[in-house]
Amino acid sequence: MYVTSTVDGRTWALDEVPYFLPQNIVKQQRLPNQPLQPDPPAVVLQHMLPFRKFVLLSSQGSHIFSVLSPAEQLRQLLLQHGGPENPDVEAFFRLHKEDHACATCLVLVCSKPTRDPQIVEWATRAFIRFGGEPQHVSEVTSLNASVMASPFAPQSHMVTSPGGNFAPPVAASTPAVNPVHSTFDVSTPHPQQPLFAPGAEVDVIYSGRYRGLCLYLSRILRPVWDNTLVKYVPIATSLGQQNFLESRYQGEDLAWFSSLLESLRDFMERNSQFTALAESLATHSFGMIKQEPIVPGRINKQTQQKHRAEAEAAEKAALINFQFLVQYACQVLALWKIICDHQFHVIAMQLHKDVQNQLRQMKFSDLVTSGREICGTLITALINCYLGDNASIDAISSRLREICPLLYSTEDAIISKANELLQTAKQASNKFDKEKMLRESLERFSEVSHQLNLTAIFSEYQAAGFYDGIVELSLTAAHRRDPQGLALHYYKSGKPPEDTQGMQAFVTRLECYECVHDTLGNLVHLSQSYPQSPGIPKRPGPPPTTSEDSRLSAQEAAHHMDQMMKIGLKSNDELYHVSLYDWLVTMGLTDKLLEITLPFVEAYLKRAAAYQPDNLTMLDLLWKYYEKIQNFSAAAKILSKLGDRHGTDVNLTQRIEYISRAIMSAKSSNLRTSSASDGEFLHQLEEKMEVARIQLKVFEAISNFNSSLPEVQEALSQLNAELLDITRLYEGFAEPFQLWECQLAIIHCAGHYDPLLVESFWTNIIKKELDNSVGKSVPSRMACLSDKVTALGSIYMTSDRYFPLDFLVKHLEKVTCKLDWDKTCVFITFLKIGIPFTTLHQVYDCIFKAKDSHWQSVGKPLHILDAIYLLLTLFADKPSHVPSYEKKAFTSRCLDAIASYNVELEAMGLQPHVQNTLSKFKELQAKLDRLHYQTAMHT
Numbered sequence: 006m007y008v009t010s011t012v013d014g015r016t017w018a019l020d021e022v023p024y025f026l027p028q029n030i031v032k033q034q035r036l037p038n039q040p041l042q043p044d045p046p047a048v049v050l051q052h053m054l055p056f057r058k059f060v061l062l063s064s065q066g067s068h069i070f071s072v073l074s075p076a077e078q079l080r081q082l083l084l085q086h087g088g089p090e091n092p093d094v095e096a097f098f099r100l101h102k103e104d105h106a107c108a109t110c111l112v113l114v115c116s117k118p119t120r121d122p123q124i125v126e127w128a129t130r131a132f133i134r135f136g137g138e139p140q141h142v143s144e145v146t147s148l149n150a151s152v153m154a155s156p157f158a159p160q161s162h163m164v165t166s167p168g169g170n171f172a173p174p175v176a177a178s179t180p181a182v183n184p185v186h187s188t189f190d191v192s193t194p195h196p197q198q199p200l201f202a203p204g205a206e207v208d209v210i211y212s213g214r215y216r217g218l219c220l221y222l223s224r225i226l227r228p229v230w231d232n233t234l235v236k237y238v239p240i241a242t243s244l245g246q247q248n249f250l251e252s253r254y255q256g257e258d259l260a261w262f263s264s265l266l267e268s269l270r271d272f273m274e275r276n277s278q279f280t281a282l283a284e285s286l287a288t289h290s291f292g293m294i295k296q297e298p299i300v301p302g303r304i305n306k307q308t309q310q311k312h313r314a315e316a317e318a319a320e321k322a323a324l325i326n327f328q329f330l331v332q333y334a335c336q337v338l339a340l341w342k343i344i345c346d347h348q349f350h351v352i353a354m355q356l357h358k359d360v361q362n363q364l365r366q367m368k369f370s371d372l373v374t375s376g377r378e379i380c381g382t383l384i385t386a387l388i389n390c391y392l393g394d395n396a397s398i399d400a401i402s403s404r405l406r407e408i409c410p411l412l413y414s415t416e417d418a419i420i421s422k423a424n425e426l427l428q429t430a431k432q433a434s435n436k437f438d439k440e441k442m443l444r445e446s447l448e449r450f451s452e453v454s455h456q457l458n459l460t461a462i463f464s465e466y467q468a469a470g471f472y473d474g475i476v477e478l479s480l481t482a483a484h485r486r487d488p489q490g491l492a493l494h495y496y497k498s499g500k501p502p503e504d505t506q507g508m509q510a511f512v513t514r515l516e517c518y519e520c521v522h523d524t525l526g527n528l529v530h531l532s533q534s535y536p537q538s539p540g541i542p543k544r545p546g547p548p549p550t551t552s553e554d555s556r557l558s559a560q561e562a563a564h565h566m567d568q569m570m571k572i573g574l575k576s577n578d579e580l581y582h583v584s585l586y587d588w589l590v591t592m593g594l595t596d597k598l599l600e601i602t603l604p605f606v607e608a609y610l611k612r613a614a615a616y617q618p619d620n621l622t623m624l625d626l627l628w629k630y631y632e633k634i635q636n637f638s639a640a641a642k643i644l645s646k647l648g649d650r651h652g653t654d655v656n657l658t659q660r661i662e663y664i665s666r667a668i669m670s671a672k673s674s675n676l677r678t679s680s681a682s683d684g685e686f687l688h689q690l691e692e693k694m695e696v697a698r699i700q701l702k703v704f705e706a707i708s709n710f711n712s713s714l715p716e717v718q719e720a721l722s723q724l725n726a727e728l729l730d731i732t733r734l735y736e737g738f739a740e741p742f743q744l745w746e747c748q749l750a751i752i753h754c755a756g757h758y759d760p761l762l763v764e765s766f767w768t769n770i771i772k773k774e775l776d777n778s779v780g781k782s783v784p785s786r787m788a789c790l791s792d793k794v795t796a797l798g799s800i801y802m803t804s805d806r807y808f809p810l811d812f813l814v815k816h817l818e819k820v821t822c823k824l825d826w827d828k829t830c831v832f833i834t835f836l837k838i839g840i841p842f843t844t845l846h847q848v849y850d851c852i853f854k855a856k857d858s859h860w861q862s863v864g865k866p867l868h869i870l871d872a873i874y875l876l877l878t879l880f881a882d883k884p885s886h887v888p889s890y891e892k893k894a895f896t897s898r899c900l901d902a903i904a905s906y907n908v909e910l911e912a913m914g915l916q917p918h919v920q921n922t923l924s925k926f927k928e929l930q931a932k933l934d935r936l937h938y939q940t941a942m943h944t
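Quick note: to get our numbering, add 5 to the position in the sequence shown (first position is 1).
Note that these hints are calculated values from the structure, not bench results. Careful: at least some of the hints might be erroneous.
To be verified - Below, a list of computed lysine-lysine pairs in the DSSO-like style, where the Cα atoms sit at most 30 Å apart:
1. K837 / K854
2. K368 / K358
3. K422 / K575
4. K497 / K597
5. K925 / K828
6. K883 / K925
7. K837 / K883
8. K865 / K854
9. K815 / K856
10. K893 / K927
11. K927 / K854
12. K856 / K828
Just so you know, these numbers come straight off a predicted model, no measurement behind them.
Build the full structure now, drawing on both the sequences and the hints.
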């Protein structure tokens, strides 16, 4: 819409009132080979440009016409109605959409030159009242109405909206501005894309307030965001013309950007709770805001509340991130401005060439999102300029702390001051003043020692002769970088690889200690090799460069080393002691190690013996140390290491003796002082002894083979050379030589359970015993087999896994059936082992009920019933086989079982052997009935 104004007389000229702004503020940087881009639409630039004015010259005089921007239109609306609570302002928001209207409110709020407190208040209220709320997608009936509409509405001097019409107070005769085509390349979000926040789930649509904030920020930073910050500028010097890095933006440009960002930041800080305020305003509103309808029956009320809460939480998190971005961008601009104020090319000259090249390629967006390290490097270069001029850094440090605390923290200021004190101390001639400044620098470094470059600081301390400070700062830094003591826990836990956090803390502490060790090593070298007089050079050419502290005499170096040792040994940091002892051993200074009388030495030597079992030096040191205190636990550990030594100088029998003695020492230690660690060590020794006994059994079994065979000789040599683990004993010896008993012992020791494998071992053991007894009499063969099963059963009977009773009974019964042995020999063998009578009957009962076709195939279908009859007859003849408290219940179960056996036998037919077995069971049944009655009477 537009307003027509009549101009009397003839019009002579019409022209626009010009305005001037720096091009690097208005326009984005054009990269090489990049096509020329059109100017952005006026709505994008309204925060930086005044509204357009035209001067018309006629015969009657001059006329001025104005084309109001959306921000000026909103200002006039607020002035006209005395606030935002009116339908016209609501219509403005509907016309321009919530996000662009909110961005327009921000133009009024954040524009400092024309800011009116009353307008700021009204615009803020409009921003909050009409900015909408975050919504869940399920609550929105049409996304096109809220996020798909184009934000670029036609701009004119008169706006017509559904809520009513209003005209600007300044008349204009120019036509309305045409709508902007959507092909403009601008930084604002594309109007045809939903405005979901980055990183959020797509089921939340953010409010117009949040989207308006994003729009306004993008319009402020649009000219600089994708632009590089520096360029090469030729400067004439005494060496001729040289290229120096210079900033593309000068102080006034940066101040303009900073002013707008600071205004936005201040607005967000003043209105950080505008979400809650909006809810309050909505409660007392005049009903002018039309909420997005929810489709009936779509979702219930509880789900709506849940979705609304999720949307509000998502927007709150997004606002926090957005506020931090604004704050961080403000501080980056402020830092860049202060660098420019101190001659940017001078600061840039101090940067490393790689950093300069990186800075050349860096855009402002890179500096904000991932350029914290570059910012820190620039700050360091700025501070170094002051230090290089012997100037105090207090003022610049305070200024940096004020304008960019996120980039230059309190800790950074402390480090800068400490470095200043250190540099001043190095130049001081008065010894007392020098010591005082060094001590003060140490105190300041200690406050922030967790983020220091210790190597550089210690190099400066060496140059200043402040060796005490090296140890103290190293210990402080180690503690601050690992305040929870994770490294010590990791070390004492045996350095488990899965504890990555503990491993990192351990490495971090060692890095701190390593700086001390380097200094000590240098002092040791000086104390041992300092030349008393000039010597003959070993090679032609200039003399080699020397460090600052190479001027020390041998006596001075030895003195400083002793002082550093004393300070370190006073510490309670156990890991420092460990690292120091390691260094002493590495340097061959074992005499100094044995002179130390601290409890940490014992822990260190124990650890060294545990982690370096083949290190005879450590074993000797440990043996010498414990000779004085008669520590049985320590002696046991050393004996254990000697038993584990690899080599042919100790045979297998001697190794077992070492382990046996270690067990005795450990038990003696437990008699004096019992602890969990000692008990655990004793348990480990006993397990090792168990494996060693298996190895001896394997060794003895292989010794029975033909000793002239090369493979037998090789096996015996390997078994003598070291104590082997279970896997090697199994795969390398027991399995290839088919040592079935050894294989069973190995899987039992290892806790490996494979039912089929266990059964195969027992099958082969029984078969081997039968094969070895071929040619002997039946009673002798029965006795040999019974003795073998009894011997092994006494070992494995407590473990059902390795002593499969059901399988063994069935297998042995098949053997006796095949060889026609005495039917009592099997269960008599198991009774000798100690298998309960009740258990044996249960096993036989299960075998009978399984109806295995094997018995039918060998022509002895009643073999198991005959064995059961003999078993139960043994019980009936001698009831003491069953404990008295189980006798009644067992007798009852036997009677029930016999009844079922009788039924089975009656069903088999009238064959003589069946009837004979049936009659025997009936007689047994009567006998057990009497026994049951007698048992009941006694109870």
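Against the structure, the hints:
{"no.": "1", "hint": "K837 / K854", "in the structure": "holds (25 Å)"}
{"no.": "2", "hint": "K368 / K358", "in the structure": "holds (18 Å)"}
{"no.": "3", "hint": "K422 / K575", "in the structure": "holds (29 Å)"}
{"no.": "4", "hint": "K497 / K597", "in the structure": "holds (24 Å)"}
{"no.": "5", "hint": "K925 / K828", "in the structure": "holds (16 Å)"}
{"no.": "6", "hint": "K883 / K925", "in the structure": "holds (18 Å)"}
{"no.": "7", "hint": "K837 / K883", "in the structure": "holds (15 Å)"}
{"no.": "8", "hint": "K865 / K854", "in the structure": "holds (15 Å)"}
{"no.": "9", "hint": "K815 / K856", "in the structure": "holds (12 Å)"}
{"no.": "10", "hint": "K893 / K927", "in the structure": "holds (19 Å)"}
{"no.": "11", "hint": "K927 / K854", "in the structure": "holds (19 Å)"}
{"no.": "12", "hint": "K856 / K828", "in the structure": "holds (19 Å)"}
Figure legend: structure checked against the earlier numbered hints; every hint is met.
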